[in-house]
Structures are given as C-alpha cells and as structure tokens.
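Student: Assemble chain B onto chain A, guided by the hints.
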Amino acid sequence: MKRIKGVEEDSNSSSSKSPPEVCKKVRKQTSDESVAVVASESTESDWARLPQELLLHIFQYLPLLDRAYASQVCRTWNQAFHMPELWRCFEFELNQPASSYLKATHPDLIKQIIKRHSNHLQYVSFKVDSSTESAEAACDILSQLVNCSLKTLGLISTARPSFMEVPKSHFISALTVVFVNSKSLSSLKIDDTPVDDPSLKVLVANNSDTLKLLKMSSCPHVSPAGILCVADQCHGLRELALNYHLLSDELLLALSSEKHVHLEHLRIDVVSENPGQHFHTIKKSSWDAMVRHSPKFNLVMYFFLYEDEFGPFFNEEVPVTHLYFGRSVSKEVLGRVGLHCPRLVELVVCANGLRPLDEELIRIAKHCTQLSAIGLGECEVSCSAFVEFVKMCGRRLSQLSIMEEVLIPDHKYSLDEIHWEVSKHLGRVWFPDMMPTWCRFVTSVSHRCLRRSRQLPGCTRKARTPRA
Amino acid sequence: MVVNSVHWFRKGLRLHDNPVLQEALNGADTVRCVYILDPWFAGAANVGINRWRFLLEALEDLDSSLKKLNSRLFVVRGQPTDVLPRLFKEWKVTRLTFEYDPEPYGKERDGAIIKMAQEFGVETIVRNAHTLYNLDRIIEANNNSPPLTFKRFQTIVSRLELPRRPLLPITQQQMENCRTEIADNHDQLYSIPSLEELGFRTVGLPPAVWRGGETEALDRLNKHLDKKVWVANFEHPRVNTCSLYASPTGLSPYLRFGCLSCRVLYYNLRELYMKLRKHCSPPLSLFGQLLWREFFYTAATNNPNFDRMEGNPICVQIPWDQNPEALAKWAEGRTGFPWIDAIMTQLRQEGWIHHLARHAVACFLTRGDLWISWESGMKVFEELLLDADWSVNAGSWMWLSCSAFFQQFFHCYCPVGFGRRTDPSGDYIRRYIPILKDYPNRYIYEPWNAPESVQKAAKCVVGVDYPKPMINHAEGSRLNIERMKQVYQQLSHYRGLSLLASVPTIQEEAEPPMTDESRTSSGPDSPPKGPADSEAADCSTAPDSSTVCAFSTYSPYPDLEGATNSHPSQTPCAYSVSHTQPSAAITSASASQALSTAAPPSPASTPTQSSLSRFKPSSPSSSCPTMSPSLSPAMTMTQHSFSGQKRKGLVSKVRCIQRQRGRQSCTPAAGEVERRAEEEEKEREEAGLEERMEQDVEQDEERMEEETAGHQQ
Chain A
1 MKRIKGVEED SNSSSSKSPP EVCKKVRKQT SDESVAVVAS ESTESDWARL PQELLLHIFQ
61 YLPLLDRAYA SQVCRTWNQA FHMPELWRCF EFELNQPASS YLKATHPDLI KQIIKRHSNH
121 LQYVSFKVDS STESAEAACD ILSQLVNCSL KTLGLISTAR PSFMEVPKSH FISALTVVFV
181 NSKSLSSLKI DDTPVDDPSL KVLVANNSDT LKLLKMSSCP HVSPAGILCV ADQCHGLREL
241 ALNYHLLSDE LLLALSSEKH VHLEHLRIDV VSENPGQHFH TIKKSSWDAM VRHSPKFNLV
301 MYFFLYEDEF GPFFNEEVPV THLYFGRSVS KEVLGRVGLH CPRLVELVVC ANGLRPLDEE
361 LIRIAKHCTQ LSAIGLGECE VSCSAFVEFV KMCGRRLSQL SIMEEVLIPD HKYSLDEIHW
421 EVSKHLGRVW FPDMMPTWCR FVTSVSHRCL RRSRQLPGCT RKARTPRA
Chain B
1 MVVNSVHWFR KGLRLHDNPV LQEALNGADT VRCVYILDPW FAGAANVGIN RWRFLLEALE
61 DLDSSLKKLN SRLFVVRGQP TDVLPRLFKE WKVTRLTFEY DPEPYGKERD GAIIKMAQEF
121 GVETIVRNAH TLYNLDRIIE ANNNSPPLTF KRFQTIVSRL ELPRRPLLPI TQQQMENCRT
181 EIADNHDQLY SIPSLEELGF RTVGLPPAVW RGGETEALDR LNKHLDKKVW VANFEHPRVN
241 TCSLYASPTG LSPYLRFGCL SCRVLYYNLR ELYMKLRKHC SPPLSLFGQL LWREFFYTAA
301 TNNPNFDRME GNPICVQIPW DQNPEALAKW AEGRTGFPWI DAIMTQLRQE GWIHHLARHA
361 VACFLTRGDL WISWESGMKV FEELLLDADW SVNAGSWMWL SCSAFFQQFF HCYCPVGFGR
421 RTDPSGDYIR RYIPILKDYP NRYIYEPWNA PESVQKAAKC VVGVDYPKPM INHAEGSRLN
481 IERMKQVYQQ LSHYRGLSLL ASVPTIQEEA EPPMTDESRT SSGPDSPPKG PADSEAADCS
541 TAPDSSTVCA FSTYSPYPDL EGATNSHPSQ TPCAYSVSHT QPSAAITSAS ASQALSTAAP
601 PSPASTPTQS SLSRFKPSSP SSSCPTMSPS LSPAMTMTQH SFSGQKRKGL VSKVRCIQRQ
661 RGRQSCTPAA GEVERRAEEE EKEREEAGLE ERMEQDVEQD EERMEEETAG HQQ
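Same order as they appear, the protein sequences are chains A and B. Just so we're aligned, residue 1 is where the first sequence starts under the numbering used here, counting upward by one. Just so we're aligned, residue 1 is where the second sequence starts under the numbering used here, counting upward by one.
So that you can see chain B by itself, here it is in the shape it has in the complex:
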C-alpha cells in the first residue's frame, strides 16, 4: 500500500530532534511538509510585526533546509479545517503527522482535526516534543492535579526518568526514500508570504534583533558550548546592565517556536556540566529556566481559562481597575518613569526584554502601581514578545501579579530604585529613550526631580518633552499593598496584623513529615504531640482583636476591610470560618472577610472550589474552630505532614518504614548504625546510577529528618 505522508508544522519548526517528522518519513512513499497560515487572519490577530517576522524567517530557514534535502516546505493559505481536507484529496494522503500541542486551545483544535482525518481514512500520528516531559504524567504523579508550587513541581520531576534523548536531524537518505516531486509552480502555490502580504507596513522597519530559524538557533547554541560561564549562569542567573540587552546568545524565542528542541538544550547543558564538574550529575537548578517553562505548561494544559481571571480556578479574583488610558501609557512607554518606558520601548522595538525587566513592568502595571488587570498586560506581551508561549506568558503574569501560586506579595519593584540598582549608570535608559540622554546619572531614573536648570540643560523638560510620572509611586504602593492584603486575607481567613501571614499556605508544599518523624521517634506511648504544638503556643504574635467591638452575635457583618470580591461565585471559601467568632466590625484584626465567610459558598461556587480549596487557610481558627485563634500556621504544618506522607513515592515509603523500624526496635545507637549503613548504600546507589537526579528535594528532606531525629536521640 502506498503511504503518502503530510507533516504539519505548527510549532516545532526544525528538522533536528523532531520525532513526529521521523514518523512521517518512516516507510512513507511521499512526504510533504506543510505550514498552514491564513493571511487574512494574520493582520487581525493580536500578534506584532516582530513575531510575524520571526515566524516567516523560521519558515524560510525550514524551506531552505528542506531544499538541501531535495524537498520543500509547502505553505498553504487558509484555515486548517478547510485546507487539510483539500490536501487529503489532492495528494491522496494516508498519514498526517504533527507535534503534540499541550495547550488547551491546541488540544481542542487537534482533536477536531484527528476526527476529521479519520473520516478521510487518514492515519494521524502525534508525538510530544515541545516539552521535556509528558505533562500528563507529571499531573498524574501529583495526584491528578498540576503542582502549584515550583518546589513541588521539581520534586515530582526529579522522580520521573530523564527526558527522552533528542533525535538526530533527518538525513538526506531518509528523505531520498520518500521523495516528492516538486512542481515547477511550487513557488507560486506554496511560497512563504512576505510581511506585506500579511498586511504590515515594512517601510522604515529596522533590522531584526532576533533572526528566526533553526539554523540561527543551533548557531547560538553551539557558540558557547565551551563556555564555563554559561553553566554557572544557568544555574544561578544574576543580573547586570549587560544582561538587559538582547544577547546574541539568547535562546528563548527559538524555544517558543520550536526552532530549538528543549531536549537538545537540556542534554547539552547536562553534558557540559558533567564535563566541567567531573561527571557529577547536574542539580535540578541547572535546568531551572527550562523547568519553569514546563511548570507553567503543566499548570495550563487542562485549564482553558488559564489566560483569564474569570472562570480560572487557580486565579485569585482581584478587583482590578479598568483604565484604558493608563494601560495605553504603559504599553506605549509613556508612563513618565524612564525605567518602565525604556523597557516597554525595547520590548516594542526588539521583541525581547530581560526577565527582571518583565518583572518590573508587570509589577508596575498590576499590583505595584497602576492596579490594572494582568490580562491586559499579558495581551500586550503576547503581541510584542517573541518568546511568549501562551502558558508561560499567562502563568508568569499571574505569578507576578500575585494572582496565583500564592507567593508573598509584599515585595514591590520600585520603578526608580530597581532600575537604578540594576544599571546605576542609566545607559540602558539613554539607549531606549534618547531624549533623556543628557540627564546626569543622578536624575536619569527620576527626571521629574531634577531642578529646572538641569532639565533645561539636558534639553528635556519634564511635562513638555517627556511625560510627568503618571502616578505617585509611594502613594500607589501604599494603596496597593493594602488592597493585596485585603484580597489575601479574604483567602486565608487570616485576621491579624501580620502582612506575611496573610498569604495562604499551599498544602502541597508542606510535604515532608518532619513532625511525623519526631512523633515516631518519641515512641508509641507518648501522646500525639509534635513539636509544632509547643511552637505554636509560642508564637501567638498576631493579636486577636475580635473583642474590640462585638456587635450582634450571629448576623454577618459588612466587610469593611475587604476591597474584595465581586465574583462571589468564584470566591474560594470552601474552608470558610462561619460565624464562630463574634467578630468585630471593621477592626483591622478581625473583620476582613465577614460577608463572604459568614455566608456559605453559593452553589455556583462548587466547580471552582476544587482546586483552590487545596489552599489551606493559614489561620488555624478556620480549619478547626475550637482552636485558639492565636495558634500559628505551624499548626497547619503538622496537619499537612500526614497528607504529604501519602504522596511519597513507593521507594521512599519503604525507606521511611525501614527507618522507623530501626528507630523503634533498636537502641538509638543501633538505629544510628543502621541509618549510616543505609546512607552509604544510598550513596553507592547514587554513584552507580548516573541517570539519577542529584538534586532530589525529597532526599534533602529525608536527610533533614534524619538529622533532626539524630539530635533528638
């Protein structure tokens, strides 16, 4: 039977490490590589010119690589659902191959395509190569839900086997076996469109800072495979002035379009590290940046609303302001803060900014200063940023606006101080905002504070030649930190004065059974009392002012503290407190969430509770109403440790049992010996198995348990 393959390129614009392209070639009589795009749609889509240019360059590169293999790239205009059936008939296609797209939109689209292909009797082959790991396996390993902390994610990943090794590029010989005649009018029918055809004006377009394509990606990768600094920098990225500029060795846009395989990068780093560090297995932190990408992909893969606040179960509902005027100022770099404006200018001109620069502008737009929804910012990044993966972009925005993943929100990047610390000279500002180039270093981050004479001398008067700052940062951050506190206190049901305690603890993080361990070691007869109990009693720091002005005993009180939540149906109040507390009205320490806690969650809220309910309110009074409100989150820690235990892998469970046995049955000294032996064995194991991940968080935790237990014995 004749096999006519079509390989459909979407992301994964490369010939190296392309498993599904290999599948297309495998035993096929003809193979055609197709890219489908709709020029009519292109102009309307929210994608900026730099991104289109990068894509077109990547396609050109792909086409020229295929030419060398006596093949071509077929760029077909139209929508996949229209184009593919046409091609199926025209080319008598029997096999369709494409790379797995883990994002919800892509999954839905591909599902429809597969179904349609079936109707045409076309076999479809899909393989994952865009992410290092099979995301579904990560989710499965985490009790069927995506990990919500990066640490947890690392732990899970460290238990999985290493990512599949990358494949070699396809060869001429492979291609030879399934050679397809290229028609003379190929360039007329299937050429790569120009930017003009897509409706962009290219007059005066500056040359691209980032050149798209697989060839460029591999060049960049090979350029510094011999550099030691590279590894060090991957391990613990640090910032300086230079790193703010587009680097000739940056790789992120190439990963986004799949011009570079993430597995190739992974194994390159790994081998380099092992060469430099004498065959030590690399720590997980070496791959930190690759893993963040996986982390967000995992979080998004089953969440079609990952890119919005409404209906997104992991997103905290924050009453953002709607202010198109302020948003435009931010997006166009007219905020009046040179640091912010320079970053946004660089983004618009070049399509890339440093990740700390991203933090700075994202914080400024959302929780730091303007209090505008992260969704608006995400859309701007999506348009301009070359490396904006849907999942990574939305995830990072949620992270930076403190809308998900619950980190501490106290830290606001100052639009003046942060820039100055990163680049004290201000040269970065001068490059992207040339009008400020004559300002002295002292004022370049805050030109509005320069005396008039200085402004005149620099030929740039603030308010005339350069905008005044659009917001008083001190005042703005004062308001915003209060609002964030209100939102978080509502989530955590924490009512004290502590800012840090307002952030709910994530249950999955409290994993290792330290307290559990010490319980066991104190013997079976001892009362079930972990050290955390006594600890909790010690840190009754948060004063409870619920007595201040108690009103009626049962009616729900208006929520005067909370600036909060207009989407009650999405309020995650699965663990709400109810009215155990005859709480005061608007006392700072007590009132935070009156209405939403006293009122039960409305039925509509049930679907969204599932995931947020895993966040444990950090105030124990909410989890167990009988406890004194002064107990600290340490208490919750103890409770968590048990559930954490369940999640441990089989191996570690066994190890755990062994240790416990040793401890209970033997004298302490004997236990010590046994543990030693075990550790030695573990070491041997580690030395022997190179494939084993060195930086295993769990091991660390166990090591700690042992240590603690050792102290107690």
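Next up, chain A with everything else stripped away, as it sits in the complex:
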C-alpha cells in the first residue's frame, strides 16, 4: 500500500508539468487501485494488479535506466518494460570516449533494441560525435533496422560532422535500408551527410505520400535535379532545408504547384566554399509563385559569404522572413535588404564595416513592416539613428540586441541615456548587450574617438545631465 502510494507520488511529482487532466486520470486510477488492494489485502499479487495502462503511463516518465531497474521487480513490470509504446522513440547516442565528453548508449542495449524492439521503433535519432567510428556505428545500426517502420529519422552530429567521413557507399546502403523498409517516413533530418541523388530517389519511391519534412543542409552529393525530384513527387512536403546551390527556379515552381501543400518553412544556407565564388540568382517570378501558393511560408536564409560575393543577392524583392549574416556584410547590401525584403521578421547581422549603419537601419524600419527582431554585432550605429530606428519600429520589436561598444554617442544621446530612451519606445526595460572588459586598464587614445570628434564638432561626451 505504502509503496504503491510512493509510486503515485513519484509519478505525480514528476508529471507535474503534464496537463492537469492526465494527472487526474493517473490519480483516479491509482486510488481505485488502492481500494482494490485494500480489499484483497494481499501483498504478493498487488504489483501484478496495476493495470498495464497505468504502468505504461508511469514508465513513460521514467528514464530508461529506471525502467530497467523497475523491470526487475516482477513479471508484470518486466512485461511492461517491453511494451511497444515505450520503444516507439529512441535516441541512439554514439560517442567515443576519446572524442567526446558525452556518455554513449550501451552496446548491449543497442543489441537488445535491435533484437526485440526494432519493429516498434518509429521515431529514431542518432546523436553522433566527431569520430568516424561513431558515424559508422550509426550506419551499422541503420542497416539492421529492416523490419521497422520509421516515421522520423534524424542523424545529428553533435560536434564536427562525421558522417561525411564514412565511406559513401556504406552510408547510402544503410540509409536506403530505412527508406525501403519504412515506407511511411514523415520527417527526415540528414544534414551534413553524403546522401546522394539515387538514394533520394529511393526515398521518394517509398515514402512520397508521407514525407513532410526534409532537412539536408550541406549535403554535397545531392544535385539540384535530385532535390527537384523530391519536390516533384512529395506533395506533402512542408519543411525543407538545403544549401543555396540546390535552390533553383524549378524547385520553387515545383513546390508551388497546385498539387503541393502549402510550404511552411524553407531554410536556405548560403555558404561560400572558396572566396570569389559565383552564385546564381533566383527569378523574382519564382519567389512570387511561392508566395502566391504559400502566403504564410517562412523563408529563413543564413549567409556565410565574403563581402564581395553578395552581388547576386537582394537586387529584387525576396520573400525572406528570417535573415542571418554570419560574416561581415556591406552597408550597400544592407541597404538593398531594406528595399527588397518586405516580409522580413528577423534580421541578424554579425558584422559590417566601420561606417555607421544609420540610413540603412532607418530604411529597414520603414520598409520592413513585419520586423520584430533584430540583432547587431560589430555594426556601428549612431545613438540617434538607433533611437530613431527603435521609435519607428516601436513595440513590435520583441527582440532587440546590440553590443554596447558599437553604439556611437552623438549630440543627441550619450551612451548612458540611450538605454532608457530605447526602453521608452519599446515599452519595456532594455539594455544594450555587454561584453566583459576583462581588466584591461591601459591607456590609449582611440582613433575612433578622435574620428568621431572630428566628424561631430562640438560633440563632447557629457556626464549625465541633471533631470529636466
């Protein structure tokens, strides 16, 4: 009796984050059960009398190791341990002690899962560290999943991607085992892997009705034709992530064909492999077709380019919603962003040149009426332009992040004043981001300070003015 209560409490305390009705259900059943136990007054068979449904529920809250311990309590619990519901999802963690601080899934457990539960698996992910051994182990497991029907599969590199180092044929044959056998794959995340066109064809041939999500950023062996084949036949595809070199007008048109469901997310990584790389352009008409077909779709673009590689981008309207510039980007390009990205929701700029971004920000505030999040790293902005920008965007700016050291004080606002001026317009307390100065304690005349005072004669940084 006591022990049952203990279980109940455990499950309650640990399920406190679950919706109330679930808790109630558990509690109700348990108390019913307790009554029954009291009535029978037996102790031996009590455990066995917990209904499977309830056991299952409790077990779901337990980590695998605890479930394994619990399974040694009695036969019923042992049976419960093996209930298919508990094995629908599994995350294989494959790490080598030499390359990772992380624990790994025990090989015996892996064996047991393949032997007893592979047909129950539906949601499977592999977290793999940076060693080739781990990636190969993942491929070995994949190739043994012959009698299962997976709905989701994720191959995740927690550190340097290691699947690229596995022999391509080995990887492909393992992956196609899953593609061929599952037939109902809905979500597939295979970023940074050597997946290729023929294997995508196998995927499409077996899972075209069910595929909804495909993430394959940085898969160098896939060609634009390969991904086009997926888009052509998987009409339920709603989320797609890929690199820019796979993006084509045809792909966008295929995704916006009448048979195709509305796209929800499209994530594009634009990565430069070597400096001066040439990038193709996407026609405005293709983007227009996309927006017409899926008016609410999010276009997330991450740029990792050299400054001089931006030529083909942002010359015409792009329906981008989330924009990230991982490297320095010129004032000119940001000016074009202000003109051609009317759907922009989030803009993150890691760095730009030394000239302040003032007009560009104002332009962005004016034209990007959806903008609600902005992050600026090494981008100099004058305080008054920044305040003006915030004022124009107002309270819709739910995320606003800028480094304190890039805000240039001017005749209107000092650094000390800007925080509350901005807060006023945002309607909430706001501070610029700070970096620790780590005990510098040196003296030097700053050329930037000098430059500034040259630019703005009569501008002296004053101590805080007394209140008006």
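Treat the hints as calculated values from the structure; they're not laboratory data. Don't be surprised by glycine CBs; every beta carbon is placed ideally from N, CA and C. Hints may contain errors.
[Unchecked claim] Chain A stretches covered by chain B per the calculated footprint, using a threshold of three residues with CB under 8 Å from any CB of chain B:
id	segment
1	254-264
2	289-303
3	350-360
[To be verified] Examples of chain A residues toward chain B, derived with CB under 10 Å:
id	residue
4	97
5	158
6	248
7	267
8	306
9	319
10	322
Tutor: Chain B in isolation, oriented as in the chain A frame:
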C-alpha cells in the same frame, strides 16, 4: 603579553593599502612577513614561466621595500600546512594575519589553516582587500544569490556604500615598533628562489614585458594620473591597433597579484574624474572594468565548480568536441589564421593580450570555430596570462563561449574580418608572425587566398612555410550557430524560427515595474491588463508549426533538433513544458527538446536546478501552458516585474508608494506637481551627497517610469 605576528603574503603583494598587514603590526612586538612556496610543486603546476617570473619579481620588490623599513621578506619553502606549524613553534607566533581570499579553493584552504592556528593558540586576523566590495554583502543584497547579469550587479553595487578608502603604506615608524632581528643567514634560509630553482630553463629567455612588483605598479599608476584621456578611456574603452600591444601603463597583472590595490585604483579614478568634471560624481561605467572583476568574483565565490562545466549550476551543458590536436594548434598559434596565431604568440611571449584579442581567440576555440570546451582554453590562459584570476578567467571564458550568463550568441568574431577591422595594416601580425611580414595588406589576414606568385614573392608559401587554415570558417560557423541554437532552444523551450528568441531571458534582469506602474495609473477598477498584453498579441512572429506532422499524442518524441545534452542530470528543466503540445517530430519550429522536456527532470537534477531555474524560458507556452504559443516574451516581462518589485530597496519602495499615492488620489496635474517636487528634492539630495552614486540604474528606471506615466496621463 608578547605579541609575535606573522603576516602571510599570498596575493596582496604590497605595502600600500594593506589593512591586514596593518593589523599584524598593530601592537605587535615582532612581525615577520612570510611568503610560502613549494619549489617542487612549482614546476609541476600549470603556471607558465612568465607568471612565475612576474611573481618572483613582485617578491623581490616586496623584499627590497621591507629592507628599507629594516625588515625582510621570509620566503619559506614547503606547503602552508607543513610550514606554518613549524614557524608557529620556531618563532613563538601568537598572531597570524592574511588577506581574505574569496575564491572557493582559497576559502577552504584558509578555513583549515585558521583551525590549525587555533590548535596552536595562534590568533588569526583576516581582512578583505582583494576586491572592492564585500562579496557576501552583494550576494545578500541580491536575495542570497550572486547576480547573473552585469546590469543587475551594477544596480546592487550602486546601492552599497562606496568601497572602503585605501590605507596609507606602512611606515618606518610602525615597523620600528615591532622590529624583528634578521639573522645573518637570512639569505640562505629565506631567499627568493630563482626561476632555475623552480625548474625553468632561462637560457635565451627574452626580457620581461611586464615587470612584477608594487613599485612598478605605482609608477604606472602615477604616470598618467594627469591624463584626461585615461578617464575617457576607462569610461568607454575603444580599440585600435596600438591598444593591441602591451602598454607601459597597463595595470591588470598588478591587480591580479595585488601589487596594486583595487581600491587605490578606484579612488584615483574617482578623484581624477571629479577634478576634471568639476566635482560631478563619476558614473558607474567609469569603473566598468573594475566592476567586471568584482562581478566574476561574486559569481565564483560560492561555486567550487565555477571553472568547469560539470557540476557547475550556472554553466550550460554544451556537447563540446574533444580534439587534443586542434587544441594544440590553437594553443601554439598554428591555426593558419594569422590573426589568431599572432594573438596566441603574443600571449605566450608576453603574458598579456588585449581583451578583444581574448574575445577573438576564445570565440575561435569554442562556439565560433573549433567547438572545443572553454575549460581547455581557460587552462591555457591560466598558464600563460599574467592577469588570470581564477574567477575572472573562468567567468570570462564562460561568458565568451556563451556557456553562462545568457547573452545573445549570434555574434561570432570572424578570425579574418575582426582582425582586419581592428588593425587594417596588419602590422600586429607582422610583429608576432614575422614569416608573414612581406605579405601585402590585402592578404595578410588570409594568406591562403593569395595567388601563388604573391606567396612566393613574400617568401612564405601557405602549406609549406605557414600552415593552411585548420578550418573553413564559413562552414564551421554555420554548424556552430546551429548547435548553439539547439542548446539554447532546449534551455528556453523556444521552438520558433527566431535565433534571437532562443536565448532565455534572465528573470533578474526584468526588474523595473514599468507595466506595474502603468497598471496602477490606469486606476484600481480597470482590469489587470498591462500594455504588454496587447503588445504580446501583436508580435506573434514566431510561427508555430506544431501542427506539421503530429504523431501520437502522448509519447515523448525523439529530439531530432537538439544536438544537446548528454548530462540529463544537469539539464535545467525545472520549468519544462511537458507534453501539452502534440508537437511534431523534427519540425524546426517544434521539436527542439522533446525528450528532455517530456521526461521529467530526474531526481539527480534537483540540486542543480536551483540556480538555473531562475532563468525563465522565454517561451510563455512553457510557463503557462494555457497561453497561446504565439505570445511573445513581452508577456514574461510583465510577470517578472512583480517579482522585481520585491527586490527593490526600502527607500525606493517608499518612493514608489508615494508616487502611487500621488497618482491615485490627486488629479493628474496635482500628481505632476507632486512628482516635480519630489524630483527636485531628489536633485537636492544628490547635489548634497557627494558620496552618492550618480549612475544609479534604478533611478534611471524610475525616471523612465515617471516619463511613461506622464505620457499616459
């Protein structure tokens, strides 16, 4: 009764502003100044030659200053626990004095020493002089936990009284009263060891860039007490090429070893500022750099695991890579990125690098490029950096690797662009990597991109004479920003597409009750609805794709987004979401943290939750499951404001009440008048009390409240 004092120097290697040394002298018949070091241990410890040299020079300086006072420094070889009992007996010690060490390791060691001294009937006196403030008071003022944002820290500090004024150096007369006979064989018994004795090879050792010792520290300080630029620079440090080089006026190593008292620096700055600015009280930002030091000391003082990821309650668990080969390349300056290599070379040669240079190499090693744990980097800094305080070093590394203190992580320093922006000419590179000296400016930050003819002309072919870049920065930062996002989304339970929203908001930051204010001003009868509500409704920007491909309704889903967390016992999921959301599998917008959220925190996680649980997941759906997932963090803001109110000091509480009263009982105009009067009074107060901190964050906030309220009226 005879009083025989021993003053034990550790840090605080100075005679000026040394309160506990004064205590040692106070009424004593004899005083001996002792430094204990273990030469056997020295060679093995993870401390580089430059740091040892600096320390030995500081000891020499101390000894020669004591000589002038007819005393000497006693350097005793061995471990404190062995040495001190011996000395107690030998010298018939009755009083032991040492400076308070706020770091966990030091506190533990000192606790044992105090206990042992008690057993010997020796009185111990400990005084704090290494930090400006009493750290425990800061923690106490912040509801018994160290502040986790610098702003919060500043607010707390601005409410404390000014740091204690520094004391004068000890005088000959003081020393005269407790003169101790110096034996003829003092130099044999208690001399300062040489680097050779510590096991270092000194052949070919270049002269020190930083000379250790109190004398040098005070020289440096006095050199520019008349310079206006100094103050301006302290206030808002800016960078240029020159600041990358070791400055003849840099002070940080002297603070680290206590050759310079931080209080002396503090009051020097303060007085200089007031002289220049006509008696204005200086803003807190003037002391920014000193305060950062205090900030990290405060964060570390009760956290013995502050220097590691595991078991450190404020540290985010990030699945760093283990890669000794890459780490060695970074540490030895062989990354193939001249900017990074030059910095690491300067660090190794001179023991100091500019703080932005620190940012650059730390970012490169951790979240920027190599994805190697900050702990490894911290150890390298500890070995090489003259000014590496345990707390400041670990804290800064956590900060820069975005492992704690939750700042935005989107900003990665580019190992090419950042250097070029700081020093367009590349002269810094040429100085520390002479092999690249003939490269044209255009390619000096990226020699691998130079045409072969240029490489040959510069007599340095990449891949032969200088390494190729060890990583493709574009590709590396693409991967790493994704990983950081995964880690942070798991913490914040945010599932949308926004990168910026992935960072959890820290509860303590959302302090000032703006919304609270406006609620009050809208009258007692109005429904409790702050402006943030309407605001929240407006910014439903993050699309919720949880409908994309829902599977079963109750089972936990595999976490396909999260590259995450292998230490589930440390996952801070105190506020986890549970499975209210029939969420999709690996949709970008929904799946992030499936397993760890659906599963309850394991019992093992409870001890670590306490501190991280204060970070409020920025997604409101996690804090109140009934809310629409589209609500923005602004909502959380409103909730926080109430708890923030509690923390306000008594004075401000009173002020607050007054204002509210004024607003509710009077007509708006009358309220306005009353507020004016109050403000004027405040101004008078400020003018009168010079000691008051000018830059009071809280005041600012109140000012803002008033302003807003004014608008609404």
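Student: Now tell me if each hint is right for this structure.
Tutor: Results for each hint:
Coverage of a stretch by a chain is defined here by at least three residues with a beta carbon nearer than 8 Å to that chain's beta carbons; for the segment 254-264 of chain A and chain B the count is 1, and the condition is violated. Counting residues of the segment 289-303 of chain A whose C-beta lies closer than 8 Å to any C-beta of chain B gives 4; at least three are required, and the coverage claim holds. With a threshold of 8 Å between beta carbons, the proposed coverage of the segment 350-360 of chain A by chain B holds, since 4 of its residues qualify and at least three are required. Checking residue 97 of chain A against chain B: minimum C-beta separation of about 8 Å stays under 10 Å; hint holds.
For residue 158 of chain A, the interface hint holds, the least distance from its beta-carbon to any beta-carbon of chain B being 4 Å, beneath 10 Å. With a cut of 10 Å, the hint placing residue 248 of chain A at the interface with chain B is violated, because the nearest CB-to-CB distance is about 21 Å. With a cut of 10 Å, the hint placing residue 267 of chain A at the interface with chain B holds, because the nearest CB-to-CB distance is about 7 Å. A least Cβ separation of about 8 Å between residue 306 of chain A and chain B falls short of the 10 Å threshold, and the interface hint therefore holds.
The criterion of a C-beta within 10 Å of any C-beta in chain B is not met by residue 319 of chain A, whose closest approach is roughly 14 Å, and the hint is violated. Annotation: interface hint on residue 322 of chain A holds; nearest CB of chain B at approximately 5 Å, less than 10 Å.
In terms of the numbered hints stated before, the structure departs from hints 1, 6 and 9, listed from lowest to highest.
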